[in-house]
Every structure is written in C-alpha cells, then in structure tokens.
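Assemble the whole structure, with the sequences as input and the hints as a guide.
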Amino acid sequence: MSDSPTTPSPESPRTDPAPGVDPILDAGTYTTLREPRASGRLALDGAWHQISPKYVVSQTLQNVAAIVITVAVWLVIGLFTDQWWHSIAAGIIVGITLFAQIVLPRQARALGYMLRADDLVFRRGILWQRMVAVPYGRMQLIDITHGPLDRAFGISKLKMVTAAATSGVEIPGLALGASEALRDTLIEVAETRRTGL
Amino acid sequence: MSTPQAPAAPLAGGGTSSLADGVWHRLHPLTPLFQGGLVLIIVAGVVISNFRDHAIFWAISIFAPSEAGELVSAPEDEWVGFLVENNLIVVGLLVVLAILVILIGIFWMIWRFHQFRISDDEVEVRKGIVFRSHRRAPLDRVQGVNLTRPFPMRLIGMAKLEVLGAGTGANVDLEYLSTTKAEEVRADILRLASGARAAREAARDAAEGIVRPPHERLVDSLSHGVTGLIEGVDHQDVAPESVVHIPAGRLIGAYLLDGIWWIVGFGVLWVGSVLVPLLIAGDEPGWGGISLAIGLGAGVPMAFAVVAIMWAQISKSLRYAIAPTPDGIRVTFGLLTTVTETLPPGRIYAVEVSQSLLWRPFGWWTIRINRMSGKSAEQQASGSAQQFNTVLPVGTRADVERVLALLLPGVPVEHGPLMWEDGLLGPTTGAVDPYKTMAPRAWWRRPFSWKRHGFALTGEALMFRRGMVWRKLAVYPLARLQAVSVQQGPIDRLQRVAAAQVHTVVGPVSGHVVGLDRDDAIELLQRVSAAAVAAARADQTHRWSQHGAPSAAAGAPLAPSTRSAPVAPAAPEGLG
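Protein chains in written order, with the numbering used here: chain E, 1 to 197; chain P, 1 to 576.
No wet-lab data here; the hints were simulated from the structure.
Even glycine gets a Cβ: it sits at the ideal position worked out from N, Cα and C.
Hints should not be assumed to be uniformly reliable.
[What the hints assert, rightly or not] Using C-beta positions, here's what the derived DEER-type ranges look like: (1) P:PHE448 with E:ALA43: 25 to 35 Å; (2) P:ARG360 with E:THR60: 53 to 63 Å; (3) E:ALA43 with P:GLY459: 19 to 29 Å; (4) E:LEU44 with P:PRO247: 46 to 56 Å.
Below is the structure:
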C-alpha cells in the first residue's frame, strides 16, 4: 500500500512520499480535496490527509438537534406567553444553522493536513482559504476531544496548542485510530525538535 | 525575612543568597503594613473624625477651663456621648484597641502564611489561611524577572519581585522584599534558570553573609532608600554600563511630538469654548471679564490634563538604562517608581523598530518587543503594561543599533543593511530590493506603503517591513517563531495574491502582511518551517549558560526537564 508501513514518519522523508497513502491516517477518509477552481488559489504540493465523512453525518445530526431544540423552545414561548421578539432570535439561530449545514459537506472536503519534513500544514476553507504551518518543535501540547455523538461515530477532534494564541490548528473528524496515531507521531517528532517555548 | 532556622542553614540548593536554599521563607515583615495599610488608615480616620471635636474640647477645657464653655460647646454625638456619660471611655478604647489588635493579627497571620521557596528547579509560593493556594513555577520556563520599586516603598528599601511565567496569569509575585534581598533572589532565580549548575556550586561557598539585627537593617535600608532616590538606583550587581543614554530633552521632545495631537485637540476645544460664546454674545459691556473667566476656567484644567498625561509618560521613561548582564538584558526606567526588567536571552519573540512621521526630522526611533509577560492582550493594552513592552522609548540610529545587537544576538551584523538601508529607510530607488513586497496590482490595499509592505527571510530571522508614514520594521527570530499561515479570500484569489501572518506570543508587534503575490506567500510557507527548525537547533539560549561549550551537538535533545514541562508553569490550587 505504502512505503511507510506504520504511521507516517516525518523524520525520514525530506522527499515526502508524495502520493503515499497511509494505512492508518487515510483509512476511510475522503480521497479528493475540494479546492477553489480559480487558478489564483493557494496550492501546495504534497499529499494531503483528509478527514472522515462520518464528521459530516455527526455534524448534521448535531445541527438537526439544534434546530429541533430551537423550534421547540420557540413553540413553547409562543404558546405560553404573549411575546413576539423570540421569533427573531429563533429565526437567526435556525438561519445560521441551516447555512452551516449547507456548506458543511463542502467544508469537510476542504479540510486537510500534511506532514512535511519540518512541520505540519493544516488547511481549511474554500472561499476563504487558510493554510497554517506549525514547526514540529513548537507544539506545547496536543488535545484530543470527542463528544458523545463523535464517540458514537468513532471520530474525534485533535487540537494543537502552541505558545501563540492565534495559530489555531484544530482538526475535526479524525477517526479515533488516526487521531491517536497522529498525536503519537507528533509528540515523538516534537521530542527530537523541542526547544524552549 | 526568613524563618528562624534559615540564616544558619547551609545552602542546600546551592544558591548564593540565603533565600535560594529550598527552605520556606517569608516576605519582608513590613509587608502587612503596606498591604493592610489602607484598612488601618480607614479605621484611624473613623476614630479621629469621631474624636476630633472631643479632643479639641478636652484640650481647651484642660488648658483654659474658663473659656471652654464660650469658645466651643461640648460636641453632641450619639455613641461617643453615650460612652462619656456612662463612664465607658475605657471600654470604648478597649474595643478600638481590640479591633486594631485583631486587624494587626490578621495581617500578621496573612504574612505568616505567605511563604516562598526557591529550589533548584522551581520557585514556589504558598499563601492564604482559609483558601490556601500553592503556586509552583518551573525555573527553566522563566520568561523574565521584574524588580519594581514603587515610590513610597523605595524610601524604606522595599521592592516587589515579579517572576514572569509563560502562561496567562502564570506570574509569581513576591511582594515585598527588601531591595538587597530582592536583588539576590533575582540573581539566584536567573542563575538557576540559566542552568549554570557548575558555576553555582562554585559560588556557593563564597556567600557567607553576616546577619545583623533588624533595627540596624531598617535604618540602613532607609538611608539607602533616600540615597537611591537622590542618586538613582545603584546597580551593585550590574557591572556593565548602559549602552544607551537618552538625554531628558530628547525624551520630553519625543513625547511632546507624540502627544501633539492631544495638545492640538485640547487647544481647539479651548479656543472653541472661549470663542463661541464671544461670537454669540458679541460686544456687550462687561463681556470681556466673563469670557476671560470662561477661558481660564476651561483652560486651566485642560492644561493640567495635558501636563499630567505628558508627565505620566515622561516620568516613567526618565532615567532609562539598558545594559547586558550575564543573565540577560537589564532594562531600568522610571523616575520615582523604578522598574528593573531582566530579559533572559531567548525570551524575545518579536522586535519592532518604528518611527512616526513627526520623529523623522530628528531621526528618532522606538523599539518595542513581544514577550511572554503572563498577561493577556487586554492587560497588555494598559499604559503601564505597554511600558514593559517598550525597550527603547526613543533613540537615535546608533542607539537602536546597539539595542538591537543586545536584543537579537542571533542575527548577524551582515544583516545591518537589510534592516536599515533596505528595511527601515525603505526601498532604495535603483537598487535591488531584498524584500518581497506586495504585488503592484494589489496596491489599493495599502495605497501609500505598497512599495514598502513586504517580508524578507534570512537564516536567522523573518523581517516584515511595513508603513510609509509610520515606518516599521518587525524582526521575528526564527528560533522562536510559533507558526506561519497564509490566507486568501475571494478578492485575493481574483488578483492572485494572499495575506500572510506570523504567529508569536501576544504583544504590541502584529504579524500581518497583505497582498503578497500568491507564489511569494506559498514560498514563505514552504521555507519558513525548515528555517525555523534549523534556527531552533542552532539556538542555545534556552538554558543559556548550560551550553558553555558550543560543542553541544546541534539537534541533540535538550535538558530532560524541558520536555515534560507544560505550557503554563504555574498550578494554582485554590484561591488566595
């Protein structure tokens, strides 16, 4: 399948095994990255790892739940009180959630990360693209979180914390095995490149 | 000062002062007086205001009993009168005394329970009686040590020591210590943090202090405080002299130019407030006097405000000194309240040299830095905190060059032209610009400075050149760069440009550049991480004295304790 049998080892490949598919990180993920079509887009050579499609399912359920709860609260207030302003709040909440739901599948396909020789690159967004490169030695800690719904689908969110508050690398929708493998790899590599803060 | 057993104890931890020995110590015994001073003053105020009339009456009736009835009548108030009538004065006095004793007892207890300990790897503070808190900060994560001598405390030789940690709210404050102790503790903390264990072992034997009785020390420190106020703070532990001398005239001039808009604004306001009524009510007789009164009434407070604002800024920057020490750069400033900051090497995340338009004719520059100060962005925005981020309030080119050499020891001298001729003074016409600037088609994003706006990447640092009217050059040492990102919105994409951002710790130096050519931005993203990792390998300032010999293999794992340390070194366990 790939020339690196275990988890990706960013130590060795200066020549990042470009189209290499990793058995753990790429198990059951999207296979093609959704990018803007314009030629002026940000593009980086190399193999992007993507996230699991289950993330979309899990998020969809959460959005549906949010809408249901909002509507329920709206109904209760409307039936038992003589208010009208709550319709505005409910409308705004439902509108935002619906919009998030519409762009969700596209956004999920645009999320990706790449393990390079010296850093991890994380990308997200289509209309507003963002790529951030975090050198391995700068990671202060790595958080893996998964809520009840995420757990039901076997996915988790990995967050990298650096000394800068703004770097903000949060990779949602990683399969549990993938996030743990990624965390172990990152910590292992960080050990060898650690400096002060 | 110290626990009874401390002075004679051997210096187990190996510090030079008697405080860095891994034993619990207390703060200066006068600390409760200053921390609880306000409450005592209030109590005294209540007592005195209640008894003033009585005291006057008694005094007069004792010395001039015949006139007592005529001059002042016996004051009428309820509970004092009640006490006097029922012969309960003694009881009343006892109650007051008891309150005072209880208060003093509480302050004394607070002081008793407020202890600190400096061991080989950590500085710890524990305090609180009911809600105990215990804070522990690893020394190898110390970001700096500030020694503040607030004005009244300076007179009796007390100082506040602030150990800066890496996380928000992670600072350890030792408030207050006697100035000499504080200087010793600072030296010890920095020495322990530097990892200079061998040097410390050797120095251990040298320090045998003579313990003198407390009253002698108090008198001594009082005279020291007064001398210090007159002569300036004596840097007994700093051999090197300040590399920069800022004449007071330049400082005042610079701040006046900086505050010119305040002055102009107040002036306009004043003229308006005087002229408008004059124009409305024309030339009625007697109006001149009234307008004069209005003018003075409005003008005097405004003048006071302007002077106060100016003075607050200037007095903080007077008597400025910056000097290299073995444990980092020492910055001292302040006329009445003196602050001494020590910045260990490798704790500076970004440096920015800037010049406002009005300063340009004089060739003045200012230097600000980003560092971990344990304060959030909001806290850093306050005036007094901004002072801590300003390393050089105002200086000439020569001053700036000397200070930059101290702040960025890793950036070689050959980069001088890159920073000055090309960086601060802008692209020279005709020459090749080493900076990658904005794409000309994106000029409208920065209509004035688009020819300057850009970046340059060297082996040691990333430099951002920005601003035409307000010239700025930001230098980010690669060894401490946290991350780089590029962003592109839909309009950017149409123009084939992208914005880039450098991520460092929060501070006054921002890390944004916009409108870079797409390929330049991608190249930045590609190259900066490799350069950052290489620079971090070469950088040994983290434990700056441990790597005495440069033979330490590049890339070798650093001190083991650095691996497991979390980002926030302090772990408060409760409320104080």
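Problem set entry | Numbered hints the structure breaks, given as an ascending list | none
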